[in-house]
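From first to last, the protein sequence lines are chains A and B.
The first sequence begins at 74 in the working numbering and counts up one residue at a time.
The second sequence begins at 299 in the working numbering and counts up one residue at a time.
Hints in this document: simulated from the structure, not taken from any laboratory.
Any given hint might turn out to be false.
[Claimed, not checked] So, partial list: chain B residues that the calculated Cβ filter (under 8 Å) puts toward chain A:
| # | residue |
| --- | --- |
| 1 | I417 |
| 2 | F571 |
| 3 | S580 |
| 4 | A583 |
[Said to hold, decoys possible] Taking CB as the label site, the calculated pair distances span:
| # | chain 1 | residue 1 | chain 2 | residue 2 | range |
| --- | --- | --- | --- | --- | --- |
| 5 | B | D509 | A | Q86 | 22 to 28 Å |
| 6 | A | Q127 | B | M600 | 57 to 63 Å |
| 7 | B | Q407 | A | L330 | 28 to 34 Å |
For glycine and all other residues, C-beta sits at the position ideal for the given N, C-alpha and C.
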Amino acid sequence: MRPNEGKTLAPSQIALYAILAAGGLVMLAPFFTILVVSLWPNQAFLARRFPLEQITLNNYLETFRVIPFGRYILNSAIVTVAVTVLQILISSLAAFAFARLRFRGREGLFLLYLATLMIPSQVTLIPNFLIIKNLGWYDTYLALIVPGLFSALSTFLLRQYYRTIPLDLDEAARMDGAGSLRIWLQVIVPLSGPVMAALAVFTFQATWNDFLWPLVVTGSQHMRTVPIGLSYFVGQYSTAWNLLMAGSMISVLPVLLIYFLAQKTFVQGITLTGLGGR
Amino acid sequence: MSHPSATTAVRRNPFRWRPDQQWEAYLFVLPSLLGFLVFVFLAVGASFGISFLDWGLTGPRGVAGLSNYRELLRDPVFWRVFRNTAFYIFTIVPTQLLLGLLIAVALNQALRGQELLRIIYFLPVVTTIVAGAIVFRLLLSRTGPLADLVSNLGELAGLPLRMPDLLGSTQYSKWSVVLLTLWKNTGFTMVIYLAALQGVPKELYDAAHVDGAGAWQRFRNITVPLISPTTFFLFILQTIGAFQLFAEPFVLTRGGPAQSSMTVVHYIYDNAFRFTRMGKASAIAWFLFLFIFGFTVMQNIMQRRWVHYETE
Numbered sequence: 074m075r076p077n078e079g080k081t082l083a084p085s086q087i088a089l090y091a092i093l094a095a096g097g098l099v100m101l102a103p104f105f106t107i108l109v110v111s112l113w114p115n116q117a118f119l120a121r122r123f124p125l126e127q128i129t130l131n132n133y134l135e136t137f138r139v140i141p142f143g144r145y146i147l148n149s150a151i152v153t154v155a156v157t158v159l160q161i162l163i164s165s166l167a168a169f170a171f172a173r174l175r176f177r178g179r180e181g182l183f184l185l186y187l188a189t190l191m192i193p194s195q196v197t198l199i200p201n202f203l204i205i206k207n208l209g210w211y212d213t214y215l216a217l218i219v220p221g222l223f224s225a226l227s228t229f230l231l232r233q234y235y236r237t238i239p240l241d242l243d244e245a246a247r248m249d250g251a252g253s254l255r256i257w258l259q260v261i262v263p264l265s266g267p268v269m270a271a272l273a274v275f276t277f278q279a280t281w282n283d284f285l286w287p288l289v290v291t292g293s294q295h296m297r298t299v300p301i302g303l304s305y306f307v308g309q310y311s312t313a314w315n316l317l318m319a320g321s322m323i324s325v326l327p328v329l330l331i332y333f334l335a336q337k338t339f340v341q342g343i344t345l346t347g348l349g350g351r
Numbered sequence: 299m300s301h302p303s304a305t306t307a308v309r310r311n312p313f314r315w316r317p318d319q320q321w322e323a324y325l326f327v328l329p330s331l332l333g334f335l336v337f338v339f340l341a342v343g344a345s346f347g348i349s350f351l352d353w354g355l356t357g358p359r360g361v362a363g364l365s366n367y368r369e370l371l372r373d374p375v376f377w378r379v380f381r382n383t384a385f386y387i388f389t390i391v392p393t394q395l396l397l398g399l400l401i402a403v404a405l406n407q408a409l410r411g412q413e414l415l416r417i418i419y420f421l422p423v424v425t426t427i428v429a430g431a432i433v434f435r436l437l438l439s440r441t442g443p444l445a446d447l448v449s450n451l452g453e454l455a456g457l458p459l460r461m462p463d464l465l466g467s468t469q470y471s472k473w474s475v476v477l478l479t480l481w482k483n484t485g486f487t488m489v490i491y492l493a494a495l496q497g498v499p500k501e502l503y504d505a506a507h508v509d510g511a512g513a514w515q516r517f518r519n520i521t522v523p524l525i526s527p528t529t530f531f532l533f534i535l536q537t538i539g540a541f542q543l544f545a546e547p548f549v550l551t552r553g554g555p556a557q558s559s560m561t562v563v564h565y566i567y568d569n570a571f572r573f574t575r576m577g578k579a580s581a582i583a584w585f586l587f588l589f590i591f592g593f594t595v596m597q598n599i600m601q602r603r604w605v606h607y608e609t610e
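Start from the sequences and build out the full structure, keeping to the hints where you can.
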C-alpha cells in the first residue's frame, strides 16, 4: 500500500487524475465515434445532430447486405480458431522435445529456430506466396492457415516454461510405465495451463487482426477475412461513414469481448509474447 | 506410445541417455520442423535467390545479378519510402516510450479507478488496425469532428484556426499515421512498463524518501535506471515494429498523397503484387532485414552504456 492511501486527495493527485482521465477520453474517442456514427443514419453524422428517436440498427443490416460480411466473419473465425489451436499444439510438441527429451542436434536446431526470430516476415512473404501458388492453395483456407502454424516464438516461450517444471515428474511417470506422449499430455500440458491460455489469447488476436498475409493470398470476395474485407469496403464506400463504422464495430467486437472476459490472461499474453504491439 | 525398452532403461537408470528416446524426440519435433523447412528455411533461401533474379509473375525471366540492388540505390521512390519510414521511427518510438512510461508511473500509484483506466488505455492495442484506421480517416478528415473542434476553438478564441489537411496533403500525411500508431500502441508500452515498475523494490523508494529525495529525484535516480532493461527491450521492439509499419498507412492514406506517407513494406507489397517485380521486391526486403539487423546489433553494443542490470 502506498503512503497516500486513505488520506484526502492532494492537489497534485487531482491534477494527475485530470490528466489521466483526459488521456483516457482521447483513447476512447475513436470507439465512441464508431458507436455513435454506426447507430444513426449518415445524414445525422453529416449534420452533426443525433436525435435519440433516429437511433437505428439499419446500418448493421445494410453492411451485411452490401458486402458478404457474414462470410468474412466465418472465414476469420475458421482461420483464427484453426491457427490458434494447431499452432499451439505443434509448438507444444516441439517445445516438449526441446525442453525434456534428448536428441542429437537439439541445441543446434533450437538455435536455428531462435535465429529465425530475427528475420522480418517480409523477407519470407514473397517466397511463401509463390509456394502457396505452386501448391495450388492460393485463395483457399489452407493458404490462410498452414503458414501460420509454425511459430518460433510460441515454441521458444513454451520451451522456456516447460524447462521450469521439475524433471522428477517425468521420471516418476516413466517409472510408472508412461511413454513420452503420455508424459506430454498428462504431466506437462496440465501443468502449463496459464502459459498456454496466455499464448492462445495472444495468437487469437494476432491472427484475427492479421493484415498483410491474408491480403496477399486471397483474391476472391468470399475468401477475405474481416480486416481485408473491411479495407476493400473503404475503397468502395469511402464516404458511407455509417456503414463503415458499423463494419468496424463488428470487426472489433469478437476480440474486445474476449478481452473483457479474460482481461488478465489477455494482458499476460501480450506481455509474455512482447510482440503484440502491432 | 509407451516403449517397453524405454521403461526398462528408466528402471535401471533414470538419467541414462536412451537411443530410442532420440527417435521419439524427432517425432515430436517433426510437424514443426516440416513447416519450418518449407515456410521459413526454404523461404529465406528462396527470397535471397529471387533478389538476384528478374522475376515477374509468369516465371523467372533471367538472372539479374546485382541489378535489383543497384536499381534500388538509384530509385527515388525507394529513398522516399525509406525516409518516410525513418521519420516514423524517429517520431513514434520515443513518443510511445515516453507516453507509455508516464502513464504507467501515474497508474502505478494506488489510485482509485486505476484498473478501469488501465483497461481503457489498453483497449486500442487489441483493436483491429483496419477498424482503427477507418475511424481515423473519419476523425482526421477535413470535414471531420476534429476539424470542427479546431475551428470552434478558434472561434472562441477569436482566431481563424483551421486544422491542416492531415490526410490529403503531402506535408502532413505522415503525421496522421503517427497519430494513429500512437493511439494504437501506447497502451502496449504502458502495460510492459507497468509490469517493470511493479518489480522495483519499494524499500528503495522508502530509503530515498528518508534521505530527503523528492519525487523527481526518486524517479530519475531509482525508477529510470532500474527499468532501463525494459526501456531497452521496448526500444528495440518498437523500432523493429516501426521499420515494418504497413497496415496503418496502407488503410489510412493508401501511402499517399504522392507516396508521402508510404513505408518500405508498402513499397515491397506494391512491387511484388502490383507491379509483379518479385526480384526487386525481394531485394527491398533484404535491405529492410539488413537495416533491422544492423540496428539491433548496434543497440546491443551500445546498451552497455545505459542499461542497468541488477546482477551487475
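Here is how each hint holds up against the structure:
1. I417: holds, 7 Å
2. F571: holds, 6 Å
3. S580: holds, 5 Å
4. A583: Given a least distance of 5 Å, the restraint on A583(B) holds.
5. D509(B) / Q86(A): 22 to 28 Å: Once the Cβ atoms are compared, 23 Å apart, the range 22 to 28 Å for Q86(A) and D509(B) holds.
6. Q127(A) / M600(B): 57 to 63 Å: Distance hint for Q127(A), M600(B) holds at roughly 59 Å.
7. Q407(B) / L330(A): 28 to 34 Å: Given about 30 Å between the Cβ atoms, the range holds.
Taken one by one, the earlier hints all hold for this structure without exception.
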